[in-house]
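Student: Sequence:
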Amino acid sequence: MSKKHPVIAVTGSSGAGTTFVKRAFEHIFFREKIIAAVVEGDSFHSVTRAEFKQRSAVEADFSHFGPQANDFHALEALFKSYGETGSGKKRYYLHNDAEAVHHQQRLAALGVTCASGSGEFTPWEDTEANTDILFYEGLHGLVKDATDDKKYGGYDVAKYVDLGIGVVPSVNLEWIQKISRDHAERGYSPEATVDTIMRRMPDYINHITPQFSRTHINFQRVPTVDTSNPFIARDIPTADESFVIIRFADPKAFNVDFPFLLSMIHDSFMSRRNSIVVPGGKMVLAMELILNPIIHDMIERRNNA
Numbered sequence: 001m002s003k004k005h006p007v008i009a010v011t012g013s014s015g016a017g018t019t020f021v022k023r024a025f026e027h028i029f030f031r032e033k034i035i036a037a038v039v040e041g042d043s044f045h046s047v048t049r050a051e052f053k054q055r056s057a058v059e060a061d062f063s064h065f066g067p068q069a070n071d072f073h074a075l076e077a078l079f080k081s082y083g084e085t086g087s088g089k090k091r092y093y094l095h096n097d098a099e100a101v102h103h104q105q106r107l108a109a110l111g112v113t114c115a116s117g118s119g120e121f122t123p124w125e126d127t128e129a130n131t132d133i134l135f136y137e138g139l140h141g142l143v144k145d146a147t148d149d150k151k152y153g154g155y156d157v158a159k160y161v162d163l164g165i166g167v168v169p170s171v172n173l174e175w176i177q178k179i180s181r182d183h184a185e186r187g188y189s190p191e192a193t194v195d196t197i198m199r200r201m202p203d204y205i206n207h208i209t210p211q212f213s214r215t216h217i218n219f220q221r222v223p224t225v226d227t228s229n230p231f232i233a234r235d236i237p238t239a240d241e242s243f244v245i246i247r248f249a250d251p252k253a254f255n256v257d258f259p260f261l262l263s264m265i266h267d268s269f270m271s272r273r274n275s276i277v278v279p280g281g282k283m284v285l286a287m288e289l290i291l292n293p294i295i296h297d298m299i300e301r302r303n304n305a
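Reminder that position 49 of the sequence shown reads as 49 in the UniProt record's numbering, one-by-one numbering, no gaps.
Worth flagging that the hints you see were computed from the coordinates, not collected in a lab.
Treat the hints with care, as some may be off.
Claimed, not checked - Restricting the straight-line Cα-Cα distance to at most 25 Å, the calculated cross-link-like pairs of lysine-lysine (DSS-like) are:
#	residue 1	residue 2
1	Lys-53	Lys-3
2	Lys-151	Lys-22
3	Lys-282	Lys-159
4	Lys-159	Lys-4
5	Lys-150	Lys-252
To be verified - Computed Cβ-Cβ distance ranges for the label pairs, DEER-style:
#	residue 1	residue 2	range
6	Leu-110	Glu-59	22 to 32 Å
7	Ala-57	His-266	27 to 37 Å
8	Met-198	Ser-228	35 to 45 Å
9	Glu-191	Glu-241	17 to 27 Å
10	Arg-181	Met-201	14 to 24 Å
11	Asp-97	His-296	35 to 45 Å
12	Ala-305	Phe-231	48 to 58 Å
13	Lys-151	Met-201	20 to 30 Å
14	Asp-156	Arg-55	21 to 31 Å
15	Ser-228	Gly-111	49 to 59 Å
16	Asn-206	Arg-55	44 to 54 Å
17	Phe-258	Asn-96	40 to 50 Å
18	Ser-271	Leu-110	46 to 56 Å
19	Thr-85	Ser-263	33 to 43 Å
By construction, the Cβ of each residue, glycine as well, lies at the ideal position given by its N, Cα and C atoms.
All chains should be built: construct the whole structure from the sequences, respecting the hints.
Tutor: Spelled out as structure tokens, the structure:
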């Protein structure tokens, strides 16, 4: 944990909506004039797109959720280094040709040759100088493994996170979102996406789910319409067809003012002493009301450290 160089991690499985939360943080950073070193979780995969296809074709349990396809030691090293010095090593995963061209040109201006294309990685480089905070968004912001396996175990990324945010839709909703997104954006058939879900299940249970017991705040979206069979659902439930359960591991740690939140968010209510439920359409408002003062106080402590 670091007061001088805070690390924020937003973590959630594929299709959970972490990118949506990232936008809320971007709004807060803009208002608070915070310069963030942004790290994408995909950049810590340990295999290229082509290598993943080759290995997954012969290894039934190989998935992006598990340690075999990721470099958790490098992610741990980045969080530790940034917390101690305000700097560390990162790279970019190139999702498409446009990103490849952009980073090739960016690195060329710095005198660095990058021949990587879509589905590959840029060379490792230092995080931007003079940033206020490190912001991670991806699958594995709070992973931990206590085994003695030097290659695939023995890491504790969560140890170096100052603020951990979990984005956790109910599992049926998560699957509906993934099936719909994979079809719309990647052209995958529903059957192909279901095969991916099945392949990932052991790693989902062992490496994704445990993270949400290490977060400081969880945002869980729960639909209010029938999602009993997510594999035949035609539509993703809308924000107005859902509630968001916001759970604080320790409300006192962030001086959470529940009466204020209840007064500001119409139709919200407390479900437990550390949980508030808000209408799905109020999720962004709730995030900003909750997270803005936390980030503000974090930067104040940084400036006074």
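Student: Which constraints among the numbered hints does this structure fail? Numbers only, ascending.
Tutor: 1, 2, 3, 5, 6, 7, 8 and 16
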